[in-house]
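Asks: Mind docking chain B with the ligands on chain A? Use the hints.
Next come the chains, spelled out residue by residue.
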Amino acid sequence: MPTILSWLNVKRSGGGWGTTPLKNAAAVDTDLLILLSETGFTIEARRLQFDLSILAKHIPFLLEGTWLTFKVCLISVIGSLVLGLLVAAARTSSSTFLNRLSAVYVDMFRNIPFIVQLFFFYFGLPEIGIYIDALSTGIIALSIAGGAFTSDVIRSGILAIEPGVIEAAQVSGLKRATIFRRIALPIALRTSVRPLGSVFINLILTSSVLSTITLNELTGSAKIVASQTFRPFEVYFVLLVAYAALTWSVSIVIGALHRHLNRNQAEGVA
Amino acid sequence: MISITGLHKSFGSATVLRGIDLEISQGEVVSVLGSSGSGKSTLIRCINGLEKIDGGRVTVDGFDVSKPRELADARKRSGTVFQLFNLYPHMTAVQNIALAPVEVLNVPRKDAEAEARRLLQQVGLSERADAYPAQLSGGQRQRVGICRALAMKPSYLLLDEVTSALDPEMTAEVLSILANIAKQGTTMVFVTHEIEFARSISTRIAFLDKGQMIADLPTEDFFSDKGMAMPRVAQFLSKMRKD
Ligand SMILES: Nc1ncnc2c1ncn2[C@@H]1O[C@H](COP(=O)(O)OP(=O)(O)OP(=O)(O)O)[C@@H](O)[C@H]1O
Ligand SMILES: [Mg+2]
Numbered sequence: 001m002p003t004i005l006s007w008l009n010v011k012r013s014g015g016g017w018g019t020t021p022l023k024n025a026a027a028v029d030t031d032l033l034i035l036l037s038e039t040g041f042t043i044e045a046r047r048l049q050f051d052l053s054i055l056a057k058h059i060p061f062l063l064e065g066t067w068l069t070f071k072v073c074l075i076s077v078i079g080s081l082v083l084g085l086l087v088a089a090a091r092t093s094s095s096t097f098l099n100r101l102s103a104v105y106v107d108m109f110r111n112i113p114f115i116v117q118l119f120f121f122y123f124g125l126p127e128i129g130i131y132i133d134a135l136s137t138g139i140i141a142l143s144i145a146g147g148a149f150t151s152d153v154i155r156s157g158i159l160a161i162e163p164g165v166i167e168a169a170q171v172s173g174l175k176r177a178t179i180f181r182r183i184a185l186p187i188a189l190r191t192s193v194r195p196l197g198s199v200f201i202n203l204i205l206t207s208s209v210l211s212t213i214t215l216n217e218l219t220g221s222a223k224i225v226a227s228q229t230f231r232p233f234e235v236y237f238v239l240l241v242a243y244a245a246l247t248w249s250v251s252i253v254i255g256a257l258h259r260h261l262n263r264n265q266a267e268g269v270a
Numbered sequence: 001m002i003s004i005t006g007l008h009k010s011f012g013s014a015t016v017l018r019g020i021d022l023e024i025s026q027g028e029v030v031s032v033l034g035s036s037g038s039g040k041s042t043l044i045r046c047i048n049g050l051e052k053i054d055g056g057r058v059t060v061d062g063f064d065v066s067k068p069r070e071l072a073d074a075r076k077r078s079g080t081v082f083q084l085f086n087l088y089p090h091m092t093a094v095q096n097i098a099l100a101p102v103e104v105l106n107v108p109r110k111d112a113e114a115e116a117r118r119l120l121q122q123v124g125l126s127e128r129a130d131a132y133p134a135q136l137s138g139g140q141r142q143r144v145g146i147c148r149a150l151a152m153k154p155s156y157l158l159l160d161e162v163t164s165a166l167d168p169e170m171t172a173e174v175l176s177i178l179a180n181i182a183k184q185g186t187t188m189v190f191v192t193h194e195i196e197f198a199r200s201i202s203t204r205i206a207f208l209d210k211g212q213m214i215a216d217l218p219t220e221d222f223f224s225d226k227g228m229a230m231p232r233v234a235q236f237l238s239k240m241r242k243d
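Chains as they are written, first to last, in the numbering used here: chain A, 1 to 270; chain B, 1 to 243.
Hint data in this document are derived by calculation from the structure and do not stem from the laboratory.
Mixed in with the good hints, there may be bad ones.
Pairs of lysine-lysine, BS3-like flavour, derived with a Cα cap of 30 Å [as the list claims (entries may be wrong)]:
(1) Lys239(B) - Lys210(B)
(2) Lys175(A) - Lys52(B)
(3) Lys52(B) - Lys153(B)
(4) Lys175(A) - Lys67(B)
(5) Lys239(B) - Lys226(B)
(6) Lys183(B) - Lys67(B)
(7) Lys183(B) - Lys153(B)
(8) Lys210(B) - Lys52(B)
(9) Lys67(B) - Lys226(B)
(10) Lys76(B) - Lys52(B)
(11) Lys210(B) - Lys175(A)
(12) Lys110(B) - Lys67(B)
(13) Lys52(B) - Lys110(B)
(14) Lys239(B) - Lys175(A)
(15) Lys110(B) - Lys175(A)
Chain B on its own, in the form it takes in the complex:
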C-alpha cells in the first residue's frame, strides 16, 4: 500500500502541495487529474523520493521515503515511467532494462537480459532489443521505459504524463500497452491529461487543485453527477473535453 498523509511540499516560498492524503492499495489503478501546475508531478516525485518532503508522511509498503535507510526499500517496490522517457543513451534497450535488476536485485546478467527480451517482446519490440535510444522512435522509447520499470517487478507503477511527448498514433500504442498492464493487476498511479483513457482504465480518480486533493472518488462517481457537483471538477472536465 502507498500511504500519503498530510503531505506538504514547497519550493522556496511557493507551497505546491498543501496536506495531501491518499491511500493506494494493491490492484488499484488511480488516475491523478488536475490542471497544469496543480502539483501532480510533484506528488509523484514525493512518492519515489525525488523530492524531499516538507511535512507529512509518505510510505510505500510501510517504508518511509523520507528516511534514507528506508528509501531504497521503498524504491524497490515502485517503478517510475517518465514523460521524457529518460533512457540511458549509452545503453541498448536490453541493457537499459537489465541494468537495475542486475545491480539492485543481483539477478544474473543472463537471466536479466532474457527477461528484458521477454518484456520487449510483450510490447512488440523484439526486433529493436539491441537498438540504442537514439535509434528508436518516441513511442518505442517509451515502451522501453515501461519495460525498464516493469523489469524490477514493482508492486506499484508510477506514470507521469507518459504519453504527452508522443504524437496521437504513438500515444495510442503506448496506452494500449498500459491498458494491458492494468488488466494484469499491476497497481498504477497514473498522472495524465488523457481523460477518456483515465476513465477507461482507472478504478479511482484523484483530483488535485492548487496543491489540494479536492476529490478522491471511484471512477464512475467522478464522471457522474457527484463529480460534476464540484465546480472545479466540472470546469476542468469541460475545459479538457473542449481541447
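Here chain A stands alone, though its shape is the one from the complex:
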C-alpha cells in the first residue's frame, strides 16, 4: 500500500450511528474502500495521506506555545521546589502547629483534581474580587499543586535517613536548622532525585490543562492550529511527540543528576 496509514471507520448500514465523517473529506484526499460488511455494520477503510508539510507555516506559532510551556514549567518547577522544601521543613519540624498546617495543605492539594483547583483560581476568585491573569494563575496553581507532591517526596526522603546520622549531628551540638540544612536536606535530596523527577514530569504533563484557561501553551496552540487546518491527526501527532520529547529529556537530565549526586555513595544507591 503506498499510503502511510489506514484509517478504519465503523458504520451501521442504514443509520448514521458511530460514524464521524471527515468534515474535510475533499481536503484530505480520502480513498474509500469497502472492506467487508457484516451484521449491519460496514467497515470502511480510508486511506489518508499523512502530510506534515501542511503544518510548516504554523511552526512559529507552535514554537511560541512550546516556549510558553517551557517557561511556565521551569518557573513552576522552581516554585514547587521552593514551596516543597519549606513545607517539608514545616512537616518535619517540632512545631505541632506547623506540622498540622503543612499536612492539611499537602492533603488538600493532592486530593483535588488539578483542573478544579485551576478553575477555582481563575474563574472562582474573581467573584470575590481577586483577579489574576491567566499566565500567573497557571504558574501559581502548578507551583502550589506541585509543591504538595514535592514536599511529600522530600519529607519521605528525610524520614528515610538513618536516625543515627541525625543523632550524631545532634550530639555534636549542631542546631536544628543547621542539621536540616547541612545534613537532612542534602541526604534527602540525593535519594529523592528520581521521585522528584517523576513529580516534575507530571507537572509538565499537567501544564497542558492550562489551555483550558485561555493560555496558549503547547496544547492550547495545537488546538488552535488543529481547528484552523482541519488536520487534527497531524497536529495532535506532533503534540504527542513534542510532550514525549520534553518529558524524555527531563528524565535523561534527572538520571544524570541522580548519578552525579550519588557518585560517591554505595553501589546500591547509585
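Replies: Chain B with the ligands only, in chain A's frame:
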C-alpha cells in the same frame, strides 16, 4: 566531671534504668560492662541528651542535660562515638570531621579542615582524607568517627560498643587507637564487650545489671576476688570468657 544521680529511665511501662549513681572525673577511663539489655546504651544516651530522662539528674561539668538551655553546653563538652559509625554519607572524611567545629565552635573552615587532616593522620588515614564514607572500610569509618568526636576537643569521650560492628582485625586497629587516646589523658566512658581490652585501659569498671549499677570498682578490684564475690559479676565474666 560527669555526675549522674538517681537516674531513672523507662520506655513506656518498661523501666530500663533504676536509680543509677555514677561520677566520672577528668582523666578517668570508666568501662561500663553488663549483659545485653542491661541498659548500657541507654545510660550513654542519657548522658549525651539523646534520651529524655524520667528521674534523677545528669550533669556534665555542671550543665544539666535535661534543661534545653544547658544541653548545648553539656554537648560541647562530650563527644560520642557510635557503634554503627553514623558518618554523614554525603561528606568526605575531612568534611565529616570539620563540620561541627565550624558550625558550633566557629572555627574558620581552613583551620578546622587542617585540624581534621592532622587527626586523620594520627589514626593512619591521611590518604583517605577526601574519601566518602561509602568508600571506606568499617575500621576506617570508625576511625573517622573517632576523629569527628575528637575534633570538638571534648573533655569526655562516650563510646558505645564502637568495635562490635567490626571484624577482629579492624577491631584491633580501632582499639589500639583508643588505647592511645586513653594514654593521652582523655576521659572516656567506654561501653564494651571487649573485657580484656576494658581491663587493660580502664581505671574503673561500672557493672550494670537490669538497670542497676551493682558494682563500681577500680579495675584491679573488679577483676579480683572482690568482683568475683558478686555472683552476677562472676557469672557475667565467666560467660564472656567462654564466648
Ligand atoms: N527506644 C526504645 N524503646 C523501647 N525500649 C527500648 C528502647 N531502647 C532500649 N530499649 C530497651 O531498654 C533495655 C536496655 O537497652 P539498652 O540498649 O540500653 O541495652 P544494652 O545494655 O546497651 O544492651 P546491648 O549490650 O545489647 O547493647 C532493653 O530491654 C531494650 O529493649
Ligand atoms: Mg547497647
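Asks: All hints, please: hold or fail.
Replies: Against the structure, the hints:
| no. | hint | verdict |
| --- | --- | --- |
| 1 | Lys239(B) - Lys210(B) | holds (17 Å) |
| 2 | Lys175(A) - Lys52(B) | holds (18 Å) |
| 3 | Lys52(B) - Lys153(B) | holds (25 Å) |
| 4 | Lys175(A) - Lys67(B) | holds (15 Å) |
| 5 | Lys239(B) - Lys226(B) | holds (18 Å) |
| 6 | Lys183(B) - Lys67(B) | violated (33 Å) |
| 7 | Lys183(B) - Lys153(B) | holds (16 Å) |
| 8 | Lys210(B) - Lys52(B) | holds (19 Å) |
| 9 | Lys67(B) - Lys226(B) | violated (38 Å) |
| 10 | Lys76(B) - Lys52(B) | holds (18 Å) |
| 11 | Lys210(B) - Lys175(A) | violated (34 Å) |
| 12 | Lys110(B) - Lys67(B) | violated (34 Å) |
| 13 | Lys52(B) - Lys110(B) | violated (36 Å) |
| 14 | Lys239(B) - Lys175(A) | violated (43 Å) |
| 15 | Lys110(B) - Lys175(A) | holds (21 Å) |
Going down the numbered hints, you'll see the structure goes against 6, 9, 11, 12, 13 and 14, while the others check out.
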